[in-house]
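Novice: Each chain is listed here by its residues.
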Amino acid sequence: MNAQEAINRLEKEMMKGRGRWVADFSESFRNYRVGDVAFDLFISGNTRVKGFILSRVYSFFLNPNYEVGFFAVSTDLDNQLNPRRLRKWILAVKSCMEKSEMKWSWLAVVGEGLSDSVKKCVQEAADSKVGVAYFDIHSRQVVSADTYLGRQLKKYVRV
Amino acid sequence: MEHRHSPVQPYYLFKSFVIMFLIQAVIVMFMPMAFTAPIWYQILAVNLIVGIVLGWYLYRQWYHIEFSYDDVGFRLRKGKTPSVEHRWNEFSQVSLTRNNYGEFMVKLYGNQEPFEIPVSKLKLDPFGFRLQVMSHVAHEF
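Chain order of the listed sequences is A and B. Sequential numbering from 1 applies to the first sequence in my numbering. Sequential numbering from 1001 applies to the second sequence in my numbering.
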């Protein structure tokens, strides 16, 4: 499986699969540009899950009515994840959030190989409004930031 | 090369049949019991046959979707309404949306109002078809 196939699977997972436990994602864009950053995938949605009567009632009373977004970007062996690059992506996500009045966002980084530096870089991304997770396409391991949103992504989404 | 898609949508076909069957059932309800009771099964059989025929007609008039596309543009027609034609180069951005019923649509953004292609109703693979549309739009843009 290469990075683009992983992005395709991630998109299906978020719109049709277990990703719907994270939020109700309803509109997906590929090759989405925010300033000079190009995300492979951007999906917008809402925390109020749609469904049949019981799901709707449950969601209405217990879930906040927040606009949310899911961003995914792929890295390769030549362009490994580093703190500077991750900061740049998070800033791009935040600028998009501000523009679209989103309360929460998730950033999934899809890469090949999981080194200690990548692990540390992701785990230290302690932004409370942007949940970061790294998906290694070789080992299928997921590392998330130590925040509520990051852990949520790790819990529900697999590549 | 032109691609054509116009699959039968069983849900809407059944809905059309039910509408027509219920209309006939209401008519029968207002008929005198002395007239209908002896030929109850015959009336039911006629209602079913007429329901199927008129249901098919109603489905073709209101719900049936015909979609065709090539490298230059596409044409979409719902029921007997006039078909809508667009060229891919009228659009600059493509997204995939899902509605409350779980149906997918490819949404095309351009200078005018966004246009939606109902891919689930056309029984196309939403994710694959969206990538195909993206390549048409990128090529033509």
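What the hints contain is simulated information worked out from the structure, not anything from laboratory work. Please note that the accuracy of each hint is not assured.
Distance ranges between label pairs, derived from CB positions [claimed, not checked]: (1) Lys99(A) to Ser1083(B): 31 to 41 Å; (2) Val1018(B) to Gly113(A): 51 to 61 Å; (3) Leu1131(B) to Phe52(A): 25 to 35 Å; (4) Phe60(A) to Gly1073(B): 21 to 31 Å; (5) Gly1128(B) to Lys119(A): 50 to 60 Å; (6) Lys99(A) to Asp1070(B): 28 to 38 Å; (7) Ala1037(B) to Leu62(A): 31 to 41 Å; (8) Ser1092(B) to Pro83(A): 31 to 41 Å.
Quick reminder that beta carbons are idealized off the backbone N, C-alpha and C, glycines included.
Novice: Each hint needs a verdict: does it hold in this structure or not?
Specialist: Now for the hints, and whether the structure bears them out:
| no. | hint | result |
| --- | --- | --- |
| 1 | Lys99(A) to Ser1083(B): 31 to 41 Å | holds, 36 Å |
| 2 | Val1018(B) to Gly113(A): 51 to 61 Å | holds, 57 Å |
| 3 | Leu1131(B) to Phe52(A): 25 to 35 Å | holds, 31 Å |
| 4 | Phe60(A) to Gly1073(B): 21 to 31 Å | violated, 42 Å |
| 5 | Gly1128(B) to Lys119(A): 50 to 60 Å | violated, 34 Å |
| 6 | Lys99(A) to Asp1070(B): 28 to 38 Å | holds, 36 Å |
| 7 | Ala1037(B) to Leu62(A): 31 to 41 Å | violated, 55 Å |
| 8 | Ser1092(B) to Pro83(A): 31 to 41 Å | holds, 34 Å |
Checked against the numbered hints given earlier, this structure breaks hints 4, 5, 7; the rest are met.
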